[in-house]
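As they're listed, the protein sequences go chains F and Z. Mapping of the first sequence onto numbering that gives the first Met the number 0: residues 0 to 630, in sequence order. Mapping of the second sequence onto numbering that gives the first Met the number 0: residues 0 to 581, in sequence order.
Please keep in mind that the hints were generated in silico from the structure rather than gathered at the bench. This list has only true hints and no planted wrong ones.
Taking lysine-lysine and the DSSO-like style, the derived pairs with C-alpha atoms no more than 30 Å apart in a straight line are:
#  : chain 1 : residue 1 : chain 2 : residue 2
1  : F       : Lys221    : Z       : Lys513
2  : Z       : Lys186    : F       : Lys204
3  : F       : Lys415    : F       : Lys616
4  : Z       : Lys418    : Z       : Lys521
5  : F       : Lys386    : F       : Lys415
6  : Z       : Lys186    : F       : Lys105
7  : F       : Lys460    : F       : Lys489
8  : F       : Lys109    : Z       : Lys186
9  : Z       : Lys186    : F       : Lys221
10 : Z       : Lys360    : F       : Lys221
11 : F       : Lys221    : Z       : Lys90
12 : F       : Lys204    : Z       : Lys90
13 : Z       : Lys200    : F       : Lys489
14 : Z       : Lys216    : F       : Lys489
15 : F       : Lys373    : Z       : Lys216
16 : F       : Lys459    : F       : Lys419
17 : F       : Lys233    : Z       : Lys13
18 : F       : Lys233    : Z       : Lys2
19 : F       : Lys204    : Z       : Lys427
20 : Z       : Lys427    : F       : Lys221
21 : Z       : Lys183    : Z       : Lys307
22 : Z       : Lys12     : F       : Lys197
23 : Z       : Lys217    : Z       : Lys187
24 : Z       : Lys44     : F       : Lys307
25 : F       : Lys404    : Z       : Lys200
26 : F       : Lys233    : Z       : Lys200
27 : F       : Lys457    : Z       : Lys216
28 : F       : Lys307    : F       : Lys189
29 : Z       : Lys186    : F       : Lys113
Simulated coverage check for chain F against chain Z, where a stretch passes if three residues somewhere in it have a Cβ under 8 Å from a Cβ of chain Z:
#  : segment
30 : 68–76
31 : 232–245
32 : 289–303
33 : 464–475
34 : 478–489
Heads up, the beta-carbon is just placed ideally off N, CA and C, and yes, glycines get one too.
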Amino acid sequence: MKSNKKSKKSIIARLFKNILEFYPVMFPVAVVCILFNATISSIPAIFMQNVIAIVEDSWRDGNWNLVGGKILSFVGILVTLYVLSLLSGIAYNQLMAIITQGTLKKFRVKMFAKMQTLPIKYVDTHNHGDIMSVYTNDIDTLRQMISQSFPQLLLSGITVFTVFSIMLYFCLWLTIVVLLGVIVMFFVTKRVGGGSAKYFIRQQKALGRMEGFVEEMMNGQKVIKVFCHEEESKADFDIINEALFDDARKANRYANILAPILNNIGNVLYVFVAIAGGVLLVTNAPNVSISGLAMGISIVVPFLNMTKQFVGNINQVSQQINAVVMGLAGAQRIYELVDEEPEHDNGYVTLVNAREENGQLIECEERTGIWAWKHPHSSDGSVTYTKLTGDVRLHEVDFEYEEGKPVLHDISLYAKPGQKVAFVGATGAGKTTITNLLNRFYDIADGKIRYDGININKIKKSDLRRAIGVVLQDTNLFTGTVMDNIRYGKLDATDEECIEAAKLAGADGFIRRLPDGYQTMLTENGANLSQGQRQLISIARVAVANPPVMILDEATSSIDTRTEAIVQRGMDALMEGRTVFVIAHRLSTVKNADVIIVLDHGRIIERGNHEELIAQKGQYYQLYTGAFELE
Amino acid sequence: MIKDLARSIREYKKVSIITPILISLEVVIECIIPFITATLVNKIKDGCDLKTIINYGIVLIVMAFLSLMFGAIAGSTAATASCGFAKNLRKDMFYSIQNYSFENIDKFMTSSLITRMTTDVTNVQHAYMMLIRIAVRAPLMLVFAFVMAFVMGGRMAWIFLVVVPILATGLIIIIYKALPLFRKVFKKYDALNSSIQENIKGMRVVKSFVREDYEEKKFEAAAEDVCADFTRAERILAFNGPLMQFCMYVVMIFVLSFGSYTIITSRGLDFDIGQFSAILTYNFMILSSLMMLSMVFVMITMASESAKRIVEVINEKSTLTNPENPIYTVSDGSISFENVSFKYSEKAERMALANINLQIKSGETIGIIGGTGSSKTSLVQLIPRLYDATEGVVKVGGVDVRNYDLETLRNEVAVVLQKNVLFSGTIKENLRWGNKDATDEELIEACKLACAHEFISQFPKGYDTYIEQGGTNVSGGQRQRLCIARALLKKPKVLILDDSTSAVDTKTDAKIRKALKEYMPKTTKIIIAQRTASVEDADRIIVLDGGTVNGIGTHEQLLAENTIYREIYFSQNKAGVQSEIK
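Please build the complete structure, drawing on both the sequences and the hints.
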């Protein structure tokens, strides 16, 4: 519990530190404006009191000239104060609006930027809905806290402090009565407000569960229809919905009843102060106060007004408790994401443009079409250049996703530049895992992988990945035009280059038939396209990137074979001169590979070209002939 | 629209009505209390004895207690009413969606449905609570304070007739300017969030193209855009508080200067000291309730967008309905298409299927093959009446599918969809979707037929293995086999496999087909496939091209006569033929 409190404190401190970093001038100015506004707003009461006192004393005389000057000079001061209060009020309201939205934006960008640096494992092991919720729900709770709770707490805090000082100035005894009342209010707030916060957090969780359930059901809605499962899913929904209702109702109930309870404790307190004042007056008790004023009506009456003000402000503070508790919980999740360990990269070998002169590679700025690995050697300070060719070798590679559960054993293979290597094997044999290791989405446990003779651990990840193009089974397209999506492979590609790449991938035909051709907007991962069409675009995307090594992971699985046959020519052209790793179920895609690797439970059990493997009559032969078994 | 929404209040109608009544009582007491306290203060000023103070104190405590009671109960009922209303809204939406046809489902994007059921409902819930609490409280306070100001404050109260219109105009201008901005920004905000989602899902693509910086820049620009608009809207709204303060100050200054003057010069005749403080007391009440009212207005207007989106879902009527006197039995698995044409929406220009005539005998195995976009899926979806044919008649067991009870038809015609899903839950639970009363033995039998038993028994927990949402912890091929087993458990008269073995290796694929043939001889089997190998052994194969039947026949017939079929076949088998020749 203590550590929890401590961590809450550190979150608050960190939050303020961050806001201060974001707005080193604006934020302090806003705070000063709030403080100024709070102080200046509590002064007019004194002058008002003075005016009223003068009027009370002199209205029977009816002589305006006698007191008019005094009254008007007080009013003049008041006007000045009001103007200042208004100006500072407008200033801090405007500033806080800017600071709040700006801070939220900066947090969003910070999180997003951080997310880009995280290892792929993060996305693989976290529920996507949970990650999303940090960007939406948690950011929202921060908004409430920064824009409303923070200024309100500051304002009320100052007012409570000033009023309390004035109270002490007047009378200690009555102050004690008020203090007792405040203690009661504090405990009530803690209990009721705490309960409310607890249930609000539970409500957030229940809401998350509901969202998860609805998402799952909506995604499977067609399956539900096909299996006439509507009634069952309604029943499941009702249970989750009821639970959410229960938490939401409790949270809101606690939140709703806090204000009337505190208000009326305030009313009761008012009565007690009045009675205490009466007792003090009647018994003529000696007064203890800073001012040293004797007990009298002139003390009791303003005291009663102050009690009201005091209670009102405490009520204001308590109304913010929920927002603060939820805001802190949100901030905590935001920081969790921001603090995630980024992907490590100790690579120092980089990819540079090069020019060949007398058989020597020379680094240059402009694009030459020739790339080289720039390899600085720390021992003697020299730099060597190796031409990028696409030679990939794996030496006795072992790998496990989770400790103690090895997925790959002792994998050794090589692909010379321009060769095509195909992986075949049952699902779960480790085909995709190998490709995950090549571009270092995951790091190997044991063994070595070399690219053009360089250990890939020495290569800067970004350069390594630039040298390997990937087409995945689950295609991901981004919101934007078809052209934008193809250009994703090479950001400075011209329209012509993109169209050329689409032609190469065999995607040009269908793209031209789309309503707006290459300018057709794609949304929701290209929901308006078929799976096969999406795959074609993702092939075009990698074609425009023009990498020397390509990984095609079930890249053509959803393209029907007839289209595939048409695409095949493009694919062949695409693969020409490149080192290609292919994963495919369709043996027709695999057959003309230079090497076929048959995997089983993370081990290589057969390797060779199609003819060799057929002749070998092993697993591959069985797989291949399996399709003809029934003939 | 309000009427449609209000239908969802149902059992929470009572608390929804009680709440404003309780609130009104609370407000009345709340307005009387300052009146009594003011009297008390006056008594103390006049030097009353302790007994008078205690008497007033008792009255005040009783009132405080009453106010507390009404306030607390109202708070509780308001919570019940608004949360209950939200619950019913979610329920009505979900139930309505369950009744959607495929056509309805196609119309809404999943992400949009989720937002409607969460964020939008929450917005309406808040607005509803506001409506039954504050929207009653604020005007009541306003009226009461106004009346009190005139009764207690005398002539000086006329100042409110000047100030209130100023404040009201100011508030209206603020709302008028801020609201459209908010509407605009919420749309952008949605887009921003969906771009985050896209990034998370496509992280592998981002990383393998090394586009982290690009994504960051793109996101930052979008975030900046949202931020700029949001800030503008918030800054306009931020004038609310100072505006109210301004009006309050104007009243104060006026009363303090002109009021003092009047009191003194008229010797309290035209205006007295009691009226003086009354005006100051009710000043705050009047203006703050007016501001509350404006906030309620903003909230409700913003929520009305959400409400519109909710009603859209609830009011969407299913395009498929059960016939009036449905037939509850399907005699056999024969299927016929009579001059069937089909398009997905009325607006679609092109027919997805044109003039299809087919006769399929019960127990036959039919393969369907054709290129992407040749409407293979559209064709089979008409059989279990997932969509209705636009023209012509589809018959199962000799009866028009539109005459069957939907549930009966779909239980007899099992489809394994192309885009198939498993749900979070154990394997057993997933399988029992097919037949909730199936015994463990039946489950195992179905899994054996679908070649799923082997890998399931290899899992440490076997059939009790928990499937994660979306079936992410089993491979694509395993998922497909589980989906087939799930459909087999229905023991249907017609079984449709829509490219359901694309991720299963050829050998297993063949094994599954063989098992189906042997163990389900009476069931009509329709197999859509990419590979000719998957349909070669079918009794007949239908070649579809651009929504029309290009050829029907056995493998040998088509190989001899049909160009498309031949092309597909050779594209897949050329190398094989060559190697055999070798």
